Amino acid sequence: MGSPRALRFICSLAIVLFIVGVLSYSAFSRKAPDPPLRMMFKVAVGDVLFDHHAHMSVPGYGLDCKDCHHHPAEDDTDTRACSECHPAKTGKTPPQACGDCHDADEIEDQEMLKTGDAFHGQCISCHQDFGAGPVECSGCHVK
Amino acid sequence: MAEQKKLIVSHAPFWHDGSSIHERSYHIMGAALLPALAGFVLYGMPAVGVMSLSISFAIFWEFAFTAVTKRPLTIADGNAALIGMLFGMLLPAATPWWAVVTGTFIAVIIGKQIFGGIGSNAFNPAVLAVAILMVAWKERFNFDAAYVNYSFGFAAQYPLGVLKHFGVPATRIFHLGDLFFGRQTGGLGTGCGAALVAAGAYLIYRGFIRWEISLSFLAGIFLTAQIFNLADPVRFGGPFFHLLTGYTLFAAFFLLTEDSSSPVNLIPMLIYGFCGGVLTILIRNIGAHIDGSLYAVLAMNMVNPLLDKIRPKAIGKVL
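Chains as they are written, first to last, in my numbering: chain A, 1 to 143; chain B, 1001 to 1319.
If you are wondering where the hints come from, they were derived from the structure by calculation, not from laboratory data.
Remember, predicted model here, so these are calculated numbers, not experimental data.
Don't take every hint at face value.
List of simulated lysine-lysine pairs, DSS-like, C-alpha gap at most 25 angstroms [claimed, not checked]:
1. A:K114 / A:K42
2. B:K1309 / A:K42
3. A:K143 / B:K1164
4. A:K143 / A:K42
5. A:K143 / B:K1138
6. A:K42 / B:K1070
Derived contacts from chain A toward chain B, CB cut-off under 7 angstroms, selection only [as the list claims (entries may be wrong)]:
7. A6
8. L7
9. I10
10. A32
All C-beta atoms in this analysis are idealised placements derived from N, C-alpha and C, irrespective of residue type, glycine included.
Throw the hints in and build the complete structure from the sequences for me.
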């Protein structure tokens, strides 16, 4: 049973820690920073951990935002997420994001590169050009 | 034979040596506070949230179970709090609250109480709970995904994951000294080798855990990892890397040594620990899982009753 003192202590401990836990979860839960630090892409053939910070920071590769977020070309502040323009599956209608700036009759090419194709093209070509970073599937995708 | 005395028992009054479950629980929790603090330094308040909620809910579930089943109230012995603390330390700091609540329920109710309470549990309750959560919500234990929003001053990739997926050359981004002092990602209270060794040394010195289990486990890890590493140094990591990463040191000092699920005799303890180490490396190197420590602990918990039948020590002594 335990002594009344020990029982009081453990009950107090449970209550205090419950309050601390609730406060910690509600006030200090970690939000996704903008721009993101790292991103985990969920892919059927194996997830990919992409270190966004290492690619954009100066001690890292020091890439410019527009090196990857290439559209729209004229606006340096508009860095859309890749998947906004490059959908997971291609369809007969252009992605919703196109309509934010273009009228329907302005869009000539109805088919966008899929997310996976866009990433593969972007990542592998850059890694090959600079002779750095993996180019094989297993260099990025992990099961 | 007739004149031999099998047992030496003095007459009353008896003198209690002062040891108690209460004392054991709080000493182990006190020792675990050191690696938990290292986790707090690394992950900040989210680690405090997970730990606090884990301990409070473990106490609550035990209280609720004893109240519902009309059993004696046992929360004052501190064992439920200890289970909650160890469970919390195994989790990523980014674990959602509902996983903590579910996990502590599994640990206390399924891992301990349905076996009959303290001393009757076949498996380490905290390990059983984490293993079940790992099967149920595998993605929640992907440390790389869990810490995408955390900024560290070192390579923020789970070392054992890097070894498993990319081989030994990719692990050169980690330095053994950094790993020992906790500059690695993983469970919120399991990453700082220095703190874990200090806590383990204290527990061994005070007699709360048996050195035979801890050291034989580490020896099993070291030797097996060394053999694998010699066989293929590109694919299999070295022994020191395995000792300092994953749940290795936490398992050696806090998980394998749990009273109810570990042997009590010398030779069984050595076999239990050593085989746990061998199994851990086998699972890591040729198994499907990245870190085999928890499954190795559960497997050894399972064979524990058989091991204790090896050369059992007679009670008492012959004059």
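| query | Broken hints, numbered, in rising order? | reply | Of the numbered hints given earlier, those the structure breaks are 2, 6, listed in rising order.
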